[in-house]
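Visitor: So the chains spell out like this:
There are 4 protein chains.
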Amino acid sequence: MASVFGEKLKISIFGQSHSEAIGVCIDGFPAGFRIDMEKLSAFLSRRAPGSGAHTTSRKEADLPRFISGVVDNVTCGSPICAIIENTNTRSKDYSNLREVPRPGHADYTAFVKYGLSHDIRGGGHFSGRLTACLCIAGGICLQYLEREKGIRIGAHVSEIAGVCDKAFDMVSPEIDKVKTELPIAVLDENAGERMMEEILRAKSELDSVGGIIECAATGVPAGLGEPMFDGIENNIAKIVFGIPAVKGVEFGAGFASARMRGSENNDEFCMDGDKISTKTNNHGGALGGISSSLPIVFRAAIKPTPSIAKAQGSVSLTENKEKELEITGRHDPCIVPRAVPCMEAAMAVSLCDMIL
Amino acid sequence: MASVFGEKLKISIFGQSHSEAIGVCIDGFPAGFRIDMEKLSAFLSRRAPGSGAHTTSRKEADLPRFISGVVDNVTCGSPICAIIENTNTRSKDYSNLREVPRPGHADYTAFVKYGLSHDIRGGGHFSGRLTACLCIAGGICLQYLEREKGIRIGAHVSEIAGVCDKAFDMVSPEIDKVKTELPIAVLDENAGERMMEEILRAKSELDSVGGIIECAATGVPAGLGEPMFDGIENNIAKIVFGIPAVKGVEFGAGFASARMRGSENNDEFCMDGDKISTKTNNHGGALGGISSSLPIVFRAAIKPTPSIAKAQGSVSLTENKEKELEITGRHDPCIVPRAVPCMEAAMAVSLCDMIL
Amino acid sequence: MASVFGEKLKISIFGQSHSEAIGVCIDGFPAGFRIDMEKLSAFLSRRAPGSGAHTTSRKEADLPRFISGVVDNVTCGSPICAIIENTNTRSKDYSNLREVPRPGHADYTAFVKYGLSHDIRGGGHFSGRLTACLCIAGGICLQYLEREKGIRIGAHVSEIAGVCDKAFDMVSPEIDKVKTELPIAVLDENAGERMMEEILRAKSELDSVGGIIECAATGVPAGLGEPMFDGIENNIAKIVFGIPAVKGVEFGAGFASARMRGSENNDEFCMDGDKISTKTNNHGGALGGISSSLPIVFRAAIKPTPSIAKAQGSVSLTENKEKELEITGRHDPCIVPRAVPCMEAAMAVSLCDMIL
Amino acid sequence: MASVFGEKLKISIFGQSHSEAIGVCIDGFPAGFRIDMEKLSAFLSRRAPGSGAHTTSRKEADLPRFISGVVDNVTCGSPICAIIENTNTRSKDYSNLREVPRPGHADYTAFVKYGLSHDIRGGGHFSGRLTACLCIAGGICLQYLEREKGIRIGAHVSEIAGVCDKAFDMVSPEIDKVKTELPIAVLDENAGERMMEEILRAKSELDSVGGIIECAATGVPAGLGEPMFDGIENNIAKIVFGIPAVKGVEFGAGFASARMRGSENNDEFCMDGDKISTKTNNHGGALGGISSSLPIVFRAAIKPTPSIAKAQGSVSLTENKEKELEITGRHDPCIVPRAVPCMEAAMAVSLCDMIL
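Protein chains in written order, with my numbering: chain A, 743 to 1098; chain B, 743 to 1098; chain C, 743 to 1098; chain D, 743 to 1098.
Check each hint, because a few of them may be wrong.
Restricting the straight-line Cα-Cα distance to at most 27 angstroms, the calculated cross-link-like pairs of lysine-lysine (DSSO-like) are [to be verified]: (1) Lys1017(A) <-> Lys1065(B); (2) Lys750(D) <-> Lys750(A); (3) Lys1065(D) <-> Lys1017(C); (4) Lys1052(A) <-> Lys1017(B); (5) Lys1052(A) <-> Lys750(B); (6) Lys750(C) <-> Lys750(B); (7) Lys1052(B) <-> Lys1065(B); (8) Lys1052(A) <-> Lys1063(A); (9) Lys1052(D) <-> Lys1021(C); (10) Lys1052(D) <-> Lys1052(C); (11) Lys1021(A) <-> Lys1063(B); (12) Lys750(D) <-> Lys750(C); (13) Lys1021(D) <-> Lys919(D); (14) Lys1052(C) <-> Lys1017(D).
Everything labelled a hint here was simulated from the structure, so no lab data went into it. For clarity, every value in this text was computed on a predicted model and none was experimentally measured.
The following block holds chain A by itself, in its conformation from the complex (with noise of 0.2 angstroms):
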């Protein structure tokens, strides 16, 4: 496994979703930070499950528990170890996911990985919960962005099924219009709505529905990653793929830049007072993999929820034959509202890992 993430600014997450509990182990963070708690858990109940009919009723008390490494809320330099105890687990509702795959998880590929010790209940490691502790991280790295360098990362629901919230300003993103307040985080409240009708239509439906999410960085200095395969795209790409159900990962104008001239796609270097900056921001805040002092914009793509109250072909891998599956229990009929701390948390891992 390699639940392990960065060089400098390590993060390594471990437990599965009926464990005793999960958490992160963050080694290299800088000691003498306080960490607002209070803030923190805001942060994190934006990712947990709510009372709104497009998630989970499984209710998550997903306060961390730090074990290690802070003091009186201050870190002291040394590994920083986050838990959250696992409690309220209904582990009979995947009692048959061992022999019948789901569709669109990792139920085989873990089987044919780790054979039956896999600890399949609740998808085991796999488990969407365990982005928990990515934002666990991914918290404490925007406080300390946003107070030690500046650096201030927000994120909206960007499109769900089809219907789309205003996009970011890529020259000024709007991070602090985002309403957060809201079931979806967007611009266009409106749009959420829409979008909401469209969770619900899905769920009554028997289905689901996926979506894009719109990440943005303002303040990060010019110069920060490196050429080739340590530059700003590749960490992000490589930490945001880490997030169960992203497909796709673009920068910038991203997959639109291909349909582009280059005169039109081409940031004209202009002065902004006495700033060195950019009149548009089609490359996303990075040049050759390194910053250009504009926003770090990227959008994530994420595929609809895989489980599905519908019935769905598979196979049993006990007797190698087909064999229809049906999924009870309780599934988000989509995820991406509450993927969009997850990404923000991504984004600030990442980043910390570049700059510190």
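On the provided structure of chain A, position chains B, C and D as indicated by the hints.
Guide: Frame of chain A; chains B, C and D shown alone:
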């Protein structure tokens, strides 16, 4: 800098566009493998600039010289170092770029990072020429994967300037049907011709175009890759974003999956004789970061060549004021065709690193 | 911080002497391995402080709690996290150490690195107590190496305060004859008794003593390890120097080989039945960084416990002037006996990382 | 293979004794540093085989050619690659070694690992000749540390064949007084002469001798290095064990500290003007893995040259039976003098990696 990729197979790329030589050091490649030098040479020539109207007329005799690790064309287990001498470089073309950075290039970010010592001639270490080194390493890995592991990798130009080639069949990608002998490697020759027209049109308008490349690997056994941060997608994305001009990477159905229903996107498992397979391959060969035995398929978006002949706005770094820039010299109006073998090379290096 | 070790098997150690818990996250351990918890517990108790006169009287109930990665004592392939809750910590003993650093301890260097936020209580992350985490990881690796690979690892106290135990036979180290049930694990019980006398003498004189531990692994197949920087010696030395108080590491004949002639030091190859072996083992099981199938043998020098009851010269960090220091509290007059399982654990983790 | 060292400064060494060239790729070295090529050349010549009776008479024109990363002797921020062409190699000397491995060499272990493809000529990648590459990287790092960081590194032969040089003063090592112009770099010229007598005596008896090198760095600021596995000692040991023939490494008082009392070994803190220091330096400059500002001092044990002219017992790998071996060709009866700059280089690379 961090022009090093891989864990078990480490490649370290060096050189600047106008340094004495460029090259790659490959550490961890198995001993006893006979490199088919003719095949490698043919592979490299696919990346080399041709004589066609769509490519730079600079002649590159990109024949690598193996200065270590290979005895009588057989790897000896020691690190392999291959270099390509740089010749026929017209340094004067680039003389004014240190003062006025080219939009869309790394000139400015490299200046911030390395100061005046940065070797700006020909783009220095950021030059697309350095992908020749990736192709040397990748070319060897391609041979190894095919001969020793039964894994085949192929790519084609999926789109240029909005003109689309036929897509790969995701379950059985037609790797053998890609017309690599054409100036633009496509499945559908007509599409290739129309792409070429668009390239020439852009050129005549002193402009450039971008595109999308689709790359597939068949024969990858199930169980390769690790969950979270060392999965198939994480590692391929990390190396692919190391190829200049890549702005997005997607796997399987990618961004399109964001608009699908779960019932539509999920790949149902089925029996293919005695073997477990899926009927469709929207997942692109990896579930939970681990290969499923279905073809691994990714697409990469390539922005239009930033070097265009049209005048562009920029700034003078010495005078800190805006200044118009006209780029002279030879430049590809479209680098997408030459990037096709680079994608194959990147995927081969990444899979080799995971499989060794 | 960088309390992370390994490539294929990554262990990440966290905790401070007085944090809520200490622990280790083990990433990359194979699935399906049954941990013999009783055996692990017995192994850990060898490191735990006993009731003997030579150890601190602080009671440590060092039973690890596996919060992830293990289901019904069987590894499931996911990262394993084990923690030990800290209890019975007498924090007040250490109140003055933030001002006046203890000679021979990391108090001063930690202050320089982490400032006043450093958790100095009980030595914080630098405490010898953290070796319990190494022993958890190592204890599991020892079981794995023995059961799955036929590799056995054992260590004994080679020397304390100048009193020497019988040395291992380098070709057939008597791992089974080490008397681990004694307060000091030795081959020769008499030597152990004389060592204990020296420890008690030092204690009565408010002082401490150091020593040397010899550790051997048998059954390591030829061909393990890499040349140059990832060889057997490099990797073992890297982890062994992570055990507090280690000041030197030598392999095979070690420093003694520096005084030998080549004809004396060279280990001539011979046939041992059908197997190639060497008659002697001055090389300590590795040639060119690669294992030879002979036992891997190293010795580590452990300095005397720096915490002594005698008054010592130090400085006041707040007043920047010299100040005498008297250390109160409980301290081992000799940590060498408790370090024996730590050496076995370190070697096991290192070999596991190379063999996986 | 893993001939790669470092995190922030990565060096990747390639080449075999008889390959076209040997060399090193240095990734991560800062831009804008002027390399004093004359000084580098002088440093490399200290490692080169001389004309003295104690060294091989093979002439090596070990002048590196910088093929990338350096423009007009100034680093440009891109990876630096330097190569040394191999000339004047007498391959025929080594013809029978593939069949009969030399005792004390890596011939056998390389055969197990790489099979018949291993390039055995001259020891291949295991040849001491490869340390020239380490010395190129280290020579540049030495200049950087001295000019940019005020850190100076020097080493001397501490012992050969039992004849000892004066030891460094651990608090103020006499780096400037090492007589590097002599065939054997020592503090005490008489000791050096007696060492040479021992070398010549061994040579005349068709034998070889080993020794110990002491290496020190002054000016290292307090706070460098990380606890546990990335400390000063861990990292230096990891690279030093990459130098062929090293069998032990100790820091500060090293193995001698194992025989001291705590009161004797502890270095009491004191004020040195306004600066906190210690009166003695038994700790060798690192406490808890972190530098204390005292000189970092290590000693490395070098085994006697395994290639001796005396007949030795070995085995035939093809016939699987014992067979006597007589090694012909030119071999140093003692490599210790030539290893002195290698130690300085290793320490410089390791410190640079930690300080960048």
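Visitor: Look at each hint and say if it fits the structure.
Guide: Verification of the supplied hints:
no.: 1; hint: Lys1017(A) <-> Lys1065(B); result: holds, 14 angstroms
no.: 2; hint: Lys750(D) <-> Lys750(A); result: holds, 9 angstroms
no.: 3; hint: Lys1065(D) <-> Lys1017(C); result: holds, 14 angstroms
no.: 4; hint: Lys1052(A) <-> Lys1017(B); result: holds, 25 angstroms
no.: 5; hint: Lys1052(A) <-> Lys750(B); result: violated, 43 angstroms
no.: 6; hint: Lys750(C) <-> Lys750(B); result: holds, 9 angstroms
no.: 7; hint: Lys1052(B) <-> Lys1065(B); result: holds, 14 angstroms
no.: 8; hint: Lys1052(A) <-> Lys1063(A); result: holds, 20 angstroms
no.: 9; hint: Lys1052(D) <-> Lys1021(C); result: holds, 17 angstroms
no.: 10; hint: Lys1052(D) <-> Lys1052(C); result: violated, 56 angstroms
no.: 11; hint: Lys1021(A) <-> Lys1063(B); result: holds, 14 angstroms
no.: 12; hint: Lys750(D) <-> Lys750(C); result: holds, 20 angstroms
no.: 13; hint: Lys1021(D) <-> Lys919(D); result: holds, 22 angstroms
no.: 14; hint: Lys1052(C) <-> Lys1017(D); result: holds, 25 angstroms
Going through the hint list in order, the structure does not satisfy hints 5 and 10.
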